[in-house]
Each structure stands twice: as C-alpha cells, then as structure tokens.
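*Asks:* Sequence:
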Amino acid sequence: MLRSKLTDEMVQFIQGAKDWTEAIRVASEPLLKQGYIEVRYVEAMISNVKSFGPYIVLMPKVAMPHARPEDGVNQMGISLMITEKSVSFDEEKSVNIFFVLAADDESSHLDLLKEISEFLTNEEKVSALLSAKKYEDVIKLL
1 MLRSKLTDEM VQFIQGAKDW TEAIRVASEP LLKQGYIEVR YVEAMISNVK SFGPYIVLMP
61 KVAMPHARPE DGVNQMGISL MITEKSVSFD EEKSVNIFFV LAADDESSHL DLLKEISEFL
121 TNEEKVSALL SAKKYEDVIK LL
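Going by the numbering used here, the sequence shown runs without a break in its numbering and finishes at 142.
Keep in mind that the hints were calculated from the coordinates and are not lab data. Heads up, some of the hints might be wrong.
[To be verified] FRET-style restraints, in silico, Cβ to Cβ:
id: 1; residue 1: 92; residue 2: 70; range: 13 to 23 Å
id: 2; residue 1: 40; residue 2: 136; range: 26 to 36 Å
id: 3; residue 1: 70; residue 2: 127; range: 12 to 22 Å
[Stated by the list, open to error] Simulated pairs of lysine-lysine, BS3-like, Cα-Cα distance not exceeding 27 Å:
id: 4; residue 1: 85; residue 2: 140
id: 5; residue 1: 140; residue 2: 33
id: 6; residue 1: 85; residue 2: 125
id: 7; residue 1: 134; residue 2: 93
id: 8; residue 1: 50; residue 2: 93
id: 9; residue 1: 134; residue 2: 114
id: 10; residue 1: 114; residue 2: 18
id: 11; residue 1: 140; residue 2: 50
id: 12; residue 1: 134; residue 2: 85
These numbers come from a predicted model, not from an experiment. Don't be surprised by glycine CBs; every beta carbon is placed ideally from N, CA and C.
Working from the sequences, and respecting the hints, build out all of it.
*Replies:* And the structure:
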C-alpha cells in the first residue's frame, strides 16, 4: 500500500526549511496540489504541534505530521519529504524525513501505518532513505 500511495508526485527532496512550520507546509504541498487535503488540514497539523509539542517525531530524524480527518482530509493519502539539513523541533528533536499522513476516517489508514512502522524498524532502510536523492532511490527501499 505504501508503495502505491507514494507516487513520484508525492515525494520531495529539499535542502532544508527555515523551521518546522515551514517544513510541514512544504511537506504537505503534494497532498494539497492533488486535492487530498485542504489548507485547513495543514494549519491543524501545525496547531497540534504548537499545542501538544513535537509528538509527531516518531524517532530520531523521522516525523509524521497529521491531524484529524475532519480537519480537512478529502481522501486518504501520504506524502514524503526528505531534507538534506535537519529541521529542529526542539533542542532534542530534529528531523530529515517527513511522512505527512492524511487519514479520511478512523481506520482505513491502519494498514498504511503498519507498513510504515515495519519500514521504520529497519535501521538500514531508514539510513538509506536519509541518503535518497531521487524517487527511484525511495521506491527501491519500499
């Protein structure tokens, strides 16, 4: 499922971002352009981190920005952004890999989450993803 959802249009490689809010905005752009989410979903993701702290940082170097389906999800989807320079959330948490999740209900995305979770347990693959420079590099890892 992850491989079919992460099409070429949904994957970005950037130098860096001035801060984590810009990173979330840029990482969300593919989902916005394709109509998966609305702008208010992006704002909800940012608002959640401001309210609850960097809970979206799943592990060192990896974050999964998300919000509630009712915050502006039109269709389930996921985008991936890899930054060359780390984006800092606080003194202890910095991120280079952003999986932006758009879940359109409470359960249809669970298989996708399971697949991402399994991927993230493989340190070798995560390390290779950090070094990815083009879409083909990403797809080979999935």
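*Asks:* If you test the structure against every hint from before, which numbers come out violated?
*Replies:* Those not satisfied are hints 1, 3, 10 and 11.
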